[in-house]
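Colleague: In case you want the letters, here they are:
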Amino acid sequence: MRAFTYSRAEDVGAALAARGHGDDVRFLAGGTNLLDLMKQGVEAPARLIDVSRLPLADITEGDGSVRIGALARNSDVASHPLIRRRYPVLAEALLSGATAQLRNMATVGGNLMQRTRCYYFVDPTFAECNKRRPGSGCAAREGRTRIHAILGASEHCIATHPSDMAVALAALDAVVEVAGPAGTRDIALMDFHRLPGTTPEVETELRPSELITAVTLPPLPFARRSHYLKVRDRESYAFALVSVAVALDLDGAGVIRQARLALGGVAHKPWRLEEAERALRGRRADAEAGAAAADVLLQGARPYRDNAFKLTLARRAIVRALTVTASLG
Amino acid sequence: MKPIMGGNEAVTSAEAAAPAETLSAVPFSGVIVNGISRRLPDDARVTLVDFLREGLGLTGTKVGCDHGQCGACTVLVNGRRINSCLALAIAHAGDEIVTVEGLAQADGPLHPVQSAFVEHDAFQCGFCTPGQLCAAVALLEEAAAGEPSAATPDIRIIGPISLTDEEIRERMSGNLCRCGAYPNIVAAVRAAGRGRLR
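Protein sequence lines correspond, in order, to chains X and Y.
By this note's numbering, the letter at position 252 of the first sequence is numbered 252, and the numbering carries on one by one without gaps.
By this note's numbering, the letter at position 117 of the second sequence is numbered 1117, and the numbering carries on one by one without gaps.
Next comes chain X alone, as it looks inside the complex (with noise of 0.2 Å):
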């Protein structure tokens, strides 16, 4: 690991003036995926700013709303009961995720800024990623693309993002507050990543002297009926190849009033298109809803050498997670 400064700031206005706008400053909250990737060689940020221990922990309630504090353990979001009973989906998403151990350590914040799994960006071995080296080419495109995009990708970067979180919060429109020297600001959770386009290197919309406060969940009484499927190599402790977040709106009948759909594994940030929960509208939660939706919702969708597979286990798991979702009490 190369050698660092490291401060403990106390108070959001002090992270944020020690923090100044410059690239090679990181704040350091759970730890998890930084200090991996300094070890690895692929982050090696001169000043660490300790945010861990400001008072930005809290789950809170208001005006049918959650508030979750962006320092709140990945393990305590998904415990709370707020989170369980309101926004199932969340708490599953969290659970699905990582290990007991890492849950304990992660916040929501890191959550969200936690870079891809690529082989090729976590490997310094690779000259080729424009992740680490823009303008150095993608190593992946000519190699193993078992865990990469088959949606929203560019020639310069194929990667995925790696949250089964937000997945689950792109379902529930959640908010995400920033706070910056200009004050604070909200970003819709589906704005807040990016694309990779020409600038893979740039992966949110927030800005180096931001950070990250609080996620905010809107009121989404129909919420309740949520669930979080995940599909992956083996059965505890790997990240999604292909993964869904429904949550339903079911009339007495049965029938679909509102859905919420998004998928997680497939692209460089949770993907959701109101025209495929549309079309689940006024159907019944079935394998041919299921169809529909998927039709839409993987429009475009190219896959590359290894992970065509990704187009049918996305159409499956689509089908199985509404018919869960649907089935719930």
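Don't read these hints as lab results, they were simulated from the structure.
Since we're looking at a predicted model, the values are computed, not measured.
Glycine included, every Cβ here is placed at the ideal spot set by N, Cα and C.
You may find that some hints are simply not true.
Simulated restraints on C-beta separations [said to hold, decoys possible]:
1) Y/SER1029 with X/ARG133: 47 to 57 Å
2) X/ASP63 with Y/GLY1108: 45 to 55 Å
3) X/THR125 with Y/ASP1121: 40 to 50 Å
4) X/THR125 with Y/GLY1057: 28 to 38 Å
5) Y/LEU1110 with X/PRO208: 47 to 57 Å
6) Y/ALA1106 with X/ARG194: 36 to 46 Å
7) X/ARG232 with Y/ASP1095: 25 to 35 Å
8) X/PRO221 with Y/ASP1154: 12 to 22 Å
9) X/GLY137 with Y/ILE1158: 27 to 37 Å
10) Y/ALA1106 with X/ARG232: 39 to 49 Å
Given the coordinates of chain X, work out where chain Y should sit on it, guided by the hints.
Modeller: This is chain Y only, laid out in the frame that chain X set:
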């Protein structure tokens, strides 16, 4: 603000806005390891597991993968299990840490989870065992507190957790055992969990 290489410096808004020369570094805060107050290392790069092993000679905690994937470095921080390889020692000022050496008193009886591992032959080479033990101790606390897992049938129901084998396997998935002692580890955790209930 005037960062110090390896220093443990706390700043507030007022201080950050003040000229750097008026800042004084806060003296080292200690860390409590197995009930004993210890001084943190000077080098900010030292991970918690390296501090425990190299700095304090507590070599029960193991370095397996050093990337948070195997769980051999699992310790309890303020009662919660974490991977000590993915933590900076310096970031744990003021925390209480328990390693495998602290689960039982030096001359006292074994911790019930340790006894269960012995009784059920829940290890072969033993390298992963300290991490397995710390993970299992925390697992029983988490289940007793009603914290759900991915194996919990309906997480919307708030209440006691029934520690089925499926629950135990899911909750122990952060601890690898290359000898493959998993069936006996599950049996030991199951027995320790039942012992708690009695």
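Colleague: Hint by hint, note whether the structure agrees.
Modeller: Hints and how they fare:
| no. | hint | result |
| --- | --- | --- |
| 1 | Y/SER1029 with X/ARG133: 47 to 57 Å | violated, 39 Å |
| 2 | X/ASP63 with Y/GLY1108: 45 to 55 Å | holds, 53 Å |
| 3 | X/THR125 with Y/ASP1121: 40 to 50 Å | holds, 42 Å |
| 4 | X/THR125 with Y/GLY1057: 28 to 38 Å | holds, 35 Å |
| 5 | Y/LEU1110 with X/PRO208: 47 to 57 Å | holds, 51 Å |
| 6 | Y/ALA1106 with X/ARG194: 36 to 46 Å | violated, 55 Å |
| 7 | X/ARG232 with Y/ASP1095: 25 to 35 Å | holds, 33 Å |
| 8 | X/PRO221 with Y/ASP1154: 12 to 22 Å | holds, 19 Å |
| 9 | X/GLY137 with Y/ILE1158: 27 to 37 Å | violated, 51 Å |
| 10 | Y/ALA1106 with X/ARG232: 39 to 49 Å | holds, 43 Å |
Violated hints, listed in ascending order, are 1, 6 and 9; each of the other numbered hints is respected by the structure.
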